[in-house]
Amino acid sequence: MYFVSLATPSSDKFMYFATTTQYKTINYKSADIVSLLPLYMRKYVNTSSDPYILTITAPKDIATNIISLIKILDIPKREVELEITVIETDENTFRKWERNWAYNSTSTGTGSYFSISNEWFTANILNPLGLLSGSFDLNKSTENLKLLSESNVKVLNGVQSKIFSKTIRIYQYTLNANIYYKEIPIGVETTITPTIMGNKVIVDVSEALYSSEDGGQDIPSAVQQGIQTSINIPVGDRIAVAAMSFHTLSSVESKIPVLGDMPIVGKLFTQLNYRDILKRVILFVAVKAGE
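The opening residue of the sequence shown carries number 165 in the numbering used here; numbering runs sequentially from there.
Source of the hints: derived by calculation from the structure; they are not laboratory data.
No residue lacks a Cβ here, since even glycine has one placed at the ideal position from N, Cα and C.
Hints are supplied without guarantee of correctness; some may be wrong.
[Unchecked claim] Under the rule of at most 20 angstroms between Cα atoms (straight-line distance), these lysine to aspartate or glutamate pairs were calculated in the DMTMM-like manner:
hint : residue 1 : residue 2
1    : K310      : D254
2    : K326      : D368
3    : K452      : E314
4    : K241      : D196
5    : K452      : E245
6    : K364      : E247
7    : K235      : D225
8    : K330      : E377
9    : K177      : D225
10   : K452      : E247
11   : K326      : E243
12   : K318      : D401
13   : K452      : D368
14   : K241      : D254
[As the list claims (entries may be wrong)] Computed beta-carbon distance windows for the label pairs:
hint : residue 1 : residue 2 : range
15   : I343      : L200      : 50 to 60 angstroms
16   : K177      : S212      : 19 to 29 angstroms
17   : T331      : G362      : 16 to 26 angstroms
18   : I236      : S329      : 36 to 46 angstroms
Generate the whole structure from the sequences, applying the supplied hints.
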């Protein structure tokens, strides 16, 4: 005598030749594992209230194949180490890069490399005509070049990470005899998601710049700019991902020589003016290691 039935859960005889096995995932939630299984296997697998436990109800051979595939899928997530650098510079410096340039015609090719060491920002640009290199002192002039943030972060493959450096400026103003306060965020925020592809990393980057703008009123306007992009970065390389511009007010002190340096009364011979400056925020992303 033979017992014949379809090996599918919809069959009313399925319960007589199927077995139920419980499996606990380690690196991924059970729902994520199920979503990676082939469609014909998913009908044998169910999740539970515990996000890391699933059950397989199937004939022994089918259950064995499903568990073997789950073990292959449930491997530790790969990790990538990123370096996020945000530089602020004025428009003239950004366009000219005139300081401390050197040229070497013996090295040719294509590519670029940027590094930060102590107070120095170094740029090397390799092209078919030679190697251009320049070093800029970050502390020498906060007007021309300033390091806003530098972060090293380890991120799991496919997991989003957020890095931000912000402050809140509070302005007081009066309206209809009442005093109010307005908060304006100032700074940068970077959201980054890496995907490891062999010896390269595809990086999804979202950069937000928070600044203020003088609109001719007592209270400046809050301005938010952003960019979202994806870029392919080989392990060990650093790439300039984006550059965003914004206007800001810079104070310039002018004084009468000698008289302006006198204690107390020197303020009478000193004038503080403000001028509008166009600046750029440049985002660099480096992939230091991928495991």
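Problem - Hint numbers contradicted by this structure - result: 14, 17
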